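S.K.: Go ahead and model the full structure; you've got the sequences and the hints to work with.
Line order of the protein sequences matches chains A and B.
What the first sequence shows, in UniProt numbering, is residues 1 to 305, in sequence order.
What the second sequence shows, in UniProt numbering, is residues 1 to 344, in sequence order.
No lab work stands behind these hints, which were simulated from the structure alone.
Taking lysine-lysine pairs in the DSS-like style, the calculated list, with each CA pair at most 27 Å apart, reads:
| # | chain 1 | residue 1 | chain 2 | residue 2 |
| --- | --- | --- | --- | --- |
| 1 | A | K302 | B | K139 |
| 2 | B | K139 | A | K123 |
| 3 | A | K58 | A | K123 |
| 4 | B | K139 | A | K60 |
| 5 | A | K60 | A | K123 |
| 6 | B | K139 | A | K58 |
| 7 | A | K302 | A | K123 |
Computed list of chain B residues with no C-beta within reach of chain A, every gap over 12 Å:
| # | residue |
| --- | --- |
| 8 | E7 |
| 9 | A227 |
| 10 | R246 |
| 11 | R285 |
| 12 | L291 |
Note that the structure is predicted; figures quoted are calculated from it, not measured.
Glycine residues also receive a C-beta, built at the ideal position from the N, C-alpha and C atoms.
Take a look at the letters that make up each chain.
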Amino acid sequence: MSSEPTTTAPAPAQRGQDVIHNIGYRRYEGQRLGRSYARRSLFIQSLRGAFGLGRSAKSKVLPMILLAATSLPAAIVVAVSVATNADELPVGYPEYVLLLQPVIGIFLAAVAPQMVSLDLRFKTTPLYFSRPIERSDYVAAKYAALSAAVFVVIAAPVVIMYAGAMLAKLDFGDETKGFFQGLVFCVVFALLHAALAAYLAALTPRRGFGIAAVIVVLTVPYFLMSALQAIADEQDSLSAVGWLALGSPGTLMDGLQSKFLGGASGFPGGHGLSNAQGALSLLVIAALIAGSYALLSRRYRKAGL
Amino acid sequence: MTVIATESLSKRFPRVTALDRLTVGITPGVTGLVGANGAGKSTLIKILLGLSPASEGSASVLGMDVSTQGSAIRERVGYMPEHDCLPPDVSATEFVVHMARMSGLPPTAARERTADTLRHVGLYEERYRPMGGYSTGMKQRVKLAQALVHDPHLVLLDEPTNGLDPVGRDDMLALIRRVHTDFGISVLVTSHLLGELERTCDHVVVIDGGKLLRSSSTADFTQRTAALAVEVTDTDRHPDGTAALRTALEGAGVTVHADESGAAPGAGRLLYITVTEDSVYDAVRDAAAELGLGLVRMEQRRHQIAEVFTQQPHESRSPEPGDSEHQRPQEPAQVRERSSADVV
Ligand SMILES: Nc1ncnc2c1ncn2[C@@H]1O[C@H](COP(=O)(O)OP(=O)(O)OP(=O)(O)O)[C@@H](O)[C@H]1O
Ligand SMILES: [Mg+2]
Numbered sequence: 001m002s003s004e005p006t007t008t009a010p011a012p013a014q015r016g017q018d019v020i021h022n023i024g025y026r027r028y029e030g031q032r033l034g035r036s037y038a039r040r041s042l043f044i045q046s047l048r049g050a051f052g053l054g055r056s057a058k059s060k061v062l063p064m065i066l067l068a069a070t071s072l073p074a075a076i077v078v079a080v081s082v083a084t085n086a087d088e089l090p091v092g093y094p095e096y097v098l099l100l101q102p103v104i105g106i107f108l109a110a111v112a113p114q115m116v117s118l119d120l121r122f123k124t125t126p127l128y129f130s131r132p133i134e135r136s137d138y139v140a141a142k143y144a145a146l147s148a149a150v151f152v153v154i155a156a157p158v159v160i161m162y163a164g165a166m167l168a169k170l171d172f173g174d175e176t177k178g179f180f181q182g183l184v185f186c187v188v189f190a191l192l193h194a195a196l197a198a199y200l201a202a203l204t205p206r207r208g209f210g211i212a213a214v215i216v217v218l219t220v221p222y223f224l225m226s227a228l229q230a231i232a233d234e235q236d237s238l239s240a241v242g243w244l245a246l247g248s249p250g251t252l253m254d255g256l257q258s259k260f261l262g263g264a265s266g267f268p269g270g271h272g273l274s275n276a277q278g279a280l281s282l283l284v285i286a287a288l289i290a291g292s293y294a295l296l297s298r299r300y301r302k303a304g305l
Numbered sequence: 001m002t003v004i005a006t007e008s009l010s011k012r013f014p015r016v017t018a019l020d021r022l023t024v025g026i027t028p029g030v031t032g033l034v035g036a037n038g039a040g041k042s043t044l045i046k047i048l049l050g051l052s053p054a055s056e057g058s059a060s061v062l063g064m065d066v067s068t069q070g071s072a073i074r075e076r077v078g079y080m081p082e083h084d085c086l087p088p089d090v091s092a093t094e095f096v097v098h099m100a101r102m103s104g105l106p107p108t109a110a111r112e113r114t115a116d117t118l119r120h121v122g123l124y125e126e127r128y129r130p131m132g133g134y135s136t137g138m139k140q141r142v143k144l145a146q147a148l149v150h151d152p153h154l155v156l157l158d159e160p161t162n163g164l165d166p167v168g169r170d171d172m173l174a175l176i177r178r179v180h181t182d183f184g185i186s187v188l189v190t191s192h193l194l195g196e197l198e199r200t201c202d203h204v205v206v207i208d209g210g211k212l213l214r215s216s217s218t219a220d221f222t223q224r225t226a227a228l229a230v231e232v233t234d235t236d237r238h239p240d241g242t243a244a245l246r247t248a249l250e251g252a253g254v255t256v257h258a259d260e261s262g263a264a265p266g267a268g269r270l271l272y273i274t275v276t277e278d279s280v281y282d283a284v285r286d287a288a289a290e291l292g293l294g295l296v297r298m299e300q301r302r303h304q305i306a307e308v309f310t311q312q313p314h315e316s317r318s319p320e321p322g323d324s325e326h327q328r329p330q331e332p333a334q335v336r337e338r339s340s341a342d343v344v
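M.R.: Below you can see the structure in the form of structure tokens.
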């Protein structure tokens with residue numbers, strides 16, 4: 001717009017002033033990179049923050065322990081397979097990610113409130129919104145950063161397993177296919193869990209509540225649905241097992257990988273989803289992501305200032 | 001040339017009218033926005049940043065319309081909120097660098113400008129420490145630095161002296177003055193203390209209940225509100241020195257009031273003298289010398305902002321004897337609290 005300086009030229013200092021401060025104010029005539037640069041910067045800063053980078057040494061501890069907790073078992077699995085000359089890995093790529101759910105739960109509970117609630121709690125958001133970036137940019141950057149952080153934590157072991165499979169000279173075609181299915185699974189898993197956790201964390205500026213809310217939503221429905229599935233299986237009600245899978249993030253993920261990504265079902269009795277249930281589960285996943293994101297955006301319309 | 005112009009600007013919340021047909025033009029320089037709690041100062045700033053839509057009327061900042069060019073305005077304007085806004089676990093340097101990037105500055109420029117700006121606001125070694133351990137004065141400086149780091153044309157400072165002790169307050173006001181004189185950045189600064197803004201601002205805008213009460217240059221204000229408090233000793237010849245001085249001064253055509261409230265100890269001995277021109281100071285000195293009275297004290301007093309509220313905007317009558325000005329002459333003048341009943 002107006003590139004003309006709209007202020008008066010600096011007038012000579014009028015009163016007795018501190019000499020130290022008085023030397024050399026320099027105008028900034030360089031580039032101003034605008035919204036998309038600011039959004040990208042916020043994304044990178046938030047993603048680094050999730051792993052404690054650029055923050056205190058203390059805040060690096062938990063994320064690094066969790067990253068080790070997801071990756072070390074994968075490295076061990078791989079080492080054993082290589083040592084025993086196995087002809088396939090003992091656990092599939094998506095299935096391994098499913099096994100990590102408790103660790104991811106802890107990671108999300110620690111990181112989401114840190115990434116989202118702190119700006120609300122310390123009222124830093126007005127400083128963002130008084131700059132060129134819009135509220136939608138802020139929400140997009142935070143959500144993308146949380147998704148990317150989850151993706152890093154779960155995709156790291158998948159990559160390790162694939163690298164090990166190649167070292168052990170397992171079947172290239174099978175392993176590569178499984179690897180890509182695993183990565184797709186990681187993407188969907190990260191998008192869904194980040195959306196839920198970001199929304200829950202943004203509901204309250206209190207970090208403790210955020211942690212509790214994330215843990216409750218990721219575990220309680222999952223345990224409930226798993227228990228109901230076990231009962232349904234006892235009573236030979238096969239289709240009920242599939243329908244119940246729609247009831248929690250964890251069972252949705254399990255159904256998704258066994259139906260579409262070549263994984264083995266973790267449901268009681270090893271049942272999978274019917275075609276209708278599979279299609280519906282995709283819809284439910286998409287709706288959960290979109291719904292959480294919309295609620296998150298709405299939260300910032302009000303919480304802005 | 002105006003940096004900020006509003007035209008019949010109104011903001012209505014469901015139960016409160018925060019701004020009521022406010023029309024005001026603000027020129028480059030340091031402008032004080034004065035009003036009681038709830039007067040609408042913060043609301044006006046949020047509208048000017050394009051963050052909160054006006055209910056009615058229009059406003060422009062640096063020639064850009066707030067309703068359509070908010071993003072462009074925010075690129076060229078800095079904002080310092082009235083509340084705390086600093087995360088405690090990061091250092092001032094990291095924080096301000098991040099905020100500079102949020103304003104669009106490339107990484108290298110963001111770091112350089114951060115170092116410069118923190119130095120300009122007077123933050124040195126402590127800028128590498130987490131901000132949680134900072135004093136209020138240091139926090140206010142960081143808040144100011146993040147508003148200046150992208151070299152804006154205009155900064156909007158919402159109660160920057162909030163929570164500061166008298167020395168911190170003076171430092172902050174001197175810093176704000178320099179933002180204009182040395183950095184060439186125009187400033188809109190809010191306060192509920194007229195007294196402190198008089199010394200810092202070129203121009204003062206007073207609002208009350210969202211309405212414009214007065215907009216005039218500071219020189220205009222101080223001239224009209226300057227008063228002198230004088231206390232003298234008694235002597236054998238003049239057992240009531242105060243009364244004798246009063247008679248002498250009134251004889252010389254100077255307007256004098258005694259403090260009738262008698263609230264403060266010794267208050268009855270103070271005379272309040274309206275300073276219309278510099279010769280009044282000489283008249284006081286001469287009268288005291290002639291009567292052989294010792295001058296115990298002679299100090300500048302500013303009138304209460306409440307007095308400003310009782311005057312009609314833009315009028316120029318001189319204060320009459322019996323005006324409320326001498327009743328509570330404490331410094332700094334503090335705006336009376338508006339009760340919530342006033343607001344609704
Ligand atoms: N989001 C809001 N919803 C409803 N009412 C509001 C809102 N924001 C401000 N108000 C009301 O508008 C009026 C003006 O508020 P504002 O914050 O602008 O005052 P102020 O001059 O900044 O006061 P202070 O000196 O206390 O900061 C107040 O009565 C306040 O209660
Ligand atoms: Mg305010």
